[in-house]
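Asker: Residues per chain are reported as follows:
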Amino acid sequence: MALRERPKPFAGLRVTDLSWVGVGPTVAKYLADHGAEVIRVESATRMETLRRAGPFTNNEPHPDNSGYYANFNSSKLCVSVNLKHPKGATLVKRLVAVSDAVTESFTPGTLARLGLDYEALREVRPDLVMISMPLFGQTGPWASYMGYGHVLQAAAGFNHLTGWPDGEPIGTGVAYTDFLVPHVGALALVAALDYRRRTGVGQYIDFSQFEGAIHALGPAILESTANGREAGRLGNRDPEAAPHGAYRCKDGRYAVIACFTEAHWEGFRAAIGRPDWTDLERMRRKESRLREQKELDRHIGFWCAERTAAQAFKAMRGNGVPSGIVKSPEEMHRDPQLRHRGHYRVLTHPTMGERTYDSPAFRLSKTPGELTKAAPLLGEDNERVLKGTLGLSDEEYTELLMEGVLE
Amino acid sequence: MRAAAERAYNSRVPERAASPPLPHPDGPLSGYRVVDLADEKGQLCARLLGELGADVIKVEPRRGDRTRANGPFYRDEAGRESSLYWWAMNAGKRSVTCELRLDAGRDLFHRLVAAADAVIETSAPGTALELGADPRSLARANPGAVVVSITNFGQTGPFRNLPATDIVGSAMGGHMYLNGCEERGPVRTTVPQAYAQVNVQAAVGTVIALYARGANGGLGQHVDVSMQEAMANAMDNAQQTWDILGINNHGPGSGRMVSGRQGPRYIYETTDGWVAALQMGGLMGPSANAMIDWLDEAGEAGPLASPEWRARLEVVQPLEEHEQALLVATMARFCRSRRKDDLVAGAQERGAGWAPVYSPREIVECEQLVAREYWVRVRHEDIGESFVYPGAPFILSATPWKQRGRAPHLGEHNDEVYGGLLGLAAGEIARLRRAMVI
Chain A
4 MALRERPKPF
14 AGLRVTDLSW
24 VGVGPTVAKY
34 LADHGAEVIR
44 VESATRMETL
54 RRAGPFTNNE
64 PHPDNSGYYA
74 NFNSSKLCVS
84 VNLKHPKGAT
94 LVKRLVAVSD
104 AVTESFTPGT
114 LARLGLDYEA
124 LREVRPDLVM
134 ISMPLFGQTG
144 PWASYMGYGH
154 VLQAAAGFNH
164 LTGWPDGEPI
174 GTGVAYTDFL
184 VPHVGALALV
194 AALDYRRRTG
204 VGQYIDFSQF
214 EGAIHALGPA
224 ILESTANGRE
234 AGRLGNRDPE
244 AAPHGAYRCK
254 DGRYAVIACF
264 TEAHWEGFRA
274 AIGRPDWTDL
284 ERMRRKESRL
294 REQKELDRHI
304 GFWCAERTAA
314 QAFKAMRGNG
324 VPSGIVKSPE
334 EMHRDPQLRH
344 RGHYRVLTHP
354 TMGERTYDSP
364 AFRLSKTPGE
374 LTKAAPLLGE
384 DNERVLKGTL
394 GLSDEEYTEL
404 LMEGVLE
Chain B
87 MRAAAERAYN
97 SRVPERAASP
107 PLPHPDGPLS
117 GYRVVDLADE
127 KGQLCARLLG
137 ELGADVIKVE
147 PRRGDRTRAN
157 GPFYRDEAGR
167 ESSLYWWAMN
177 AGKRSVTCEL
187 RLDAGRDLFH
197 RLVAAADAVI
207 ETSAPGTALE
217 LGADPRSLAR
227 ANPGAVVVSI
237 TNFGQTGPFR
247 NLPATDIVGS
257 AMGGHMYLNG
267 CEERGPVRTT
277 VPQAYAQVNV
287 QAAVGTVIAL
297 YARGANGGLG
307 QHVDVSMQEA
317 MANAMDNAQQ
327 TWDILGINNH
337 GPGSGRMVSG
347 RQGPRYIYET
357 TDGWVAALQM
367 GGLMGPSANA
377 MIDWLDEAGE
387 AGPLASPEWR
397 ARLEVVQPLE
407 EHEQALLVAT
417 MARFCRSRRK
427 DDLVAGAQER
437 GAGWAPVYSP
447 REIVECEQLV
457 AREYWVRVRH
467 EDIGESFVYP
477 GAPFILSATP
487 WKQRGRAPHL
497 GEHNDEVYGG
507 LLGLAAGEIA
517 RLRRAMVI
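Read top to bottom, the protein sequences are chains A and B. The first sequence begins at 4 in the numbering used here and counts up one residue at a time. The second sequence begins at 87 in the numbering used here and counts up one residue at a time.
Simulated from the structure, these hints should not be mistaken for laboratory data. Do not rely on the hints blindly, as some may be mistaken.
Pairs of lysine to any residue, SDA-like flavour, derived with a Cα cap of 25 Å [claimed, not checked]: (1) A:Lys289 to B:Pro229; (2) A:Lys289 to B:Gly165; (3) A:Lys369 to B:Pro229.
So that you can see chain B by itself, here it is in the shape it has in the complex:
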């Protein structure tokens, strides 16, 4: 998008006010407070709870959370407040500093927990104890708190202490086996999905545990979340296919293997990118006739326009390999000379479920999202700029989702939280600062 067009587009996205986080008294989780100690495995989880109304307080060591060093950076200038990763995952939270390795820090942390409903933490199993962030210490600080521990493999079992990152979760969770290509092997998604998966699944576990307080006398509990299991839940039907048929579904990812059978390719090149068109793009099945008509009008249906082929494709019969190849070649030829959005609109009109292969920029420009006023513009008053962020992942009629402003600076809310929320006197806060606790 050219700069002028971008400005014009962006000006249509309403801008959120300054001084984050914005209040959100109308969310379904309003009234709850969440303490966030998490790394990549839990920051999105906590952020989503905040956007549903919870007051989320990010607790960081004085040097700053490790993930503030995650790229990419705004204008490629690395710095504690310029990580786009940090912005995306921590928007709308408050930040306090607290050294959990010091006794005074742990005491302070437990006072915070006493005022909270949930704690999200991602320390390796067993290591939370020395930080005072283990379930038992936290239950002592607040029996009503839900303690969510998100780890690589879960709290128990032979792999519980193994180090892992996103690609390990994708591999050990069975997901990577199902994609990639023959020559180069399996591939992970470049934007970490094992992390994304465990975050959103942990968020479900958190709200179920909050709901369960109603059935459980107001008591909190420990929620033990595994990244490996989260990824294992993203294997489509490969789990059942092995169980039932004894066949391993596998890549390449450019086709689709279901129930042990490799389908034809589903992505096709266009003049301006690619389209996704599953199952021969609808050339087989109830939409077959309409799709063949479309190709025929353009003079590109070839032999498929014959009554025999039409009759055959409409009722979906297994095809010989060379017949499949003819359909794929026909699709590929048709797509290669057309624009992807035109192809998608044309196919959808004829009852075939195509979609464009979009880049992040194309997603931002997507007419459907613009029409639904999806995007929100978040003001970064600290640098005098504002940027477009993803908007409501769901529209709740009575208790709306809300983006709550930019991510916090390191310790930005120390006075507000320790003074206002916990009621510490200014002198006490100063003393904690001098003692390098906060």
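Looking at chain A on its own, in the form it has when it is part of the complex:
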């Protein structure tokens, strides 16, 4: 058994990935990392945004040096096709005819203008599963709005709900929805593929990143619609826990502590040596502690100021208190747990060398995923896909090259 090759979930599935930037490529990455043959279609005439965005190896901006691009595109192939050339669109149509799924994230209407929308593509592949995933969906007054995950998080409520009550709506510091909605989109796509596996029926998915993101805020929406009350940002407090927060330690790093239960609180008391203030009547039960958060934070601030974050974390976890350290990217790379789990996979790229890639947050026991290769160079697989998969002759291929179709 151990010697037998373990099957990959999506073995035999081919995906034409017309998407770009963060969300679409992350959706297709799930399929690629679990065995599908995912072929990215890009073009130097309309360069994939992230190939122009750093971090670049050796600080040298080049389409094949971007770590931002690479991380979203492990295990994939890449062909370069100029979609604006009539022969380019025809070529993509031929590729779709032998594909099972198409992913795309253009502004609504773009693919229709190229003759590559779902209606056109299902003619060459009737059981196709296709997902479109622009910011705001295919219809409505905002359908043509442009933007990035960093501003979509604002529309979707994450700024309003991140920061301190007396401060500005800071937001998460990252293009947050780019790292939330791909999972929602992938759920829809894989569910549709499973339906196709069971029934043979394909379909089209109109995915609005905005509409997917809102499901991460469920209770806050109901606070508004059922209670007529606006949820706000609470800094690091939690309405159900006391103490609850991030505390600056002697070494300038932050420790987090969360006491939701009386058992957590007793562990917390033990961790800090049961000082007298923790035995005050108003500190004994969570309901009253919730009113004493300022004082709790002050005491914990003093305690943490005398310890490193690692010492604080050790004392807390040793007593069963939910706790941790606010880890920097550097610490994430050194994190013993992530190392044990092999979360960051090292893959060798022809121009970027050995680089780390994120892997899925889950492991399948019998048909595990695998990051099979580093991100592709622009047009790296032109010959393999166009001659091999589509069966173009050497002459046809050369003609396309000469006519600039493969730019």
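Add chain B to chain A, keeping to what the hints say.
Answerer: Chain B only, in chain A's frame:
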């Protein structure tokens, strides 16, 4: 929104019928059954599977699932059936009670698993065994079942047994380091996002494992999901920036640090809130001229209206710090006297990707979502009310998503599930009740 306007708006949202869960034979996952033992780390995952057609059965102890005590509560009245958290995360599921700590309870649970395709559970690694909910016991009960275990740090590794909650996931997952502000340090999102992230990522793992049954002779398998890893996947490009450049991206979150470089602030105050306008709000780059024209028409472009500035901004050249400050100050002044929706519409018209900073209430009122008939009105026939819930997160042309009604009462479906599905006689169900198994 004033009460009358709210009623008028709400009346446009079609109402779903009573007696949940509503049937959903047309979903892509119809025909599947999911047993849900999960806490905050897995309830949304199971709910989404249900909205795609799976029959989701929430298994609770007789005293009720712990998360029924999570606030906020409807009308602030705490109670087993009034948690808005519970409503949001468990809508459209069925609920049965079952004491897994009793032998008879475990037997009953395994009969349920035998009729299921997936089990979602969130117990700490190692502790599922005593509940009979460990992968081996479940595989014995049903070799075809996909068993999804969602934990703080995963099933293996030195941190596997550490206690954690949402803020710990945000901190140990590296996400919190990238936001906050200098004076007050890192900050988490008030509505728990480590929980949200691990739920949606676990849902992907679940459907991949269901799909894999086709390649794997119909066998199920164990899906081991880590909240820390889910959050680590939300670090934007900070992971690669450290790997490639040896630089730690960091907060403050009001700007955007990418590839080791801190960008200018991107949120600006307006007369009625805030707008988000990344990269100088388009004052640099291909939209620069159109944006400067806009400011100029209002007489607020200042020196930027000069041909030199225009030429410079259009091609994006690195700016000196005082030049950046001029652009930010110009943006801030322009926004401060205008409404956010007007600013967004104006900027979008000119090719700049702005968005409003919306609160939950403003999201509910958002014209885009209303135009797409996003919201669904869910009837709570038990209290004679109905409320607006988030609608389809995706529109599938052949197998639609469907909201399936309110969250279940504790044990509401005991008879239906144990009698109808498992075929237990009424006397047997009564006996299990007396023995305090259900």
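Asker: Look at each hint and say if it fits the structure.
Answerer: Hint by hint, here is what the structure shows:
1. For a cut-off of 25 Å, the pair hint linking A:Lys289 to B:Pro229 is broken: about 44 Å separates their Cα positions.
2. Of the supplied pair hints, the one linking A:Lys289 and B:Gly165 holds, its CA atoms being roughly 18 Å apart against a limit of 25 Å.
3. In summary, the hint linking A:Lys369 to B:Pro229 is supported, as the alpha carbons are separated by about 12 Å, within the 25 Å threshold.
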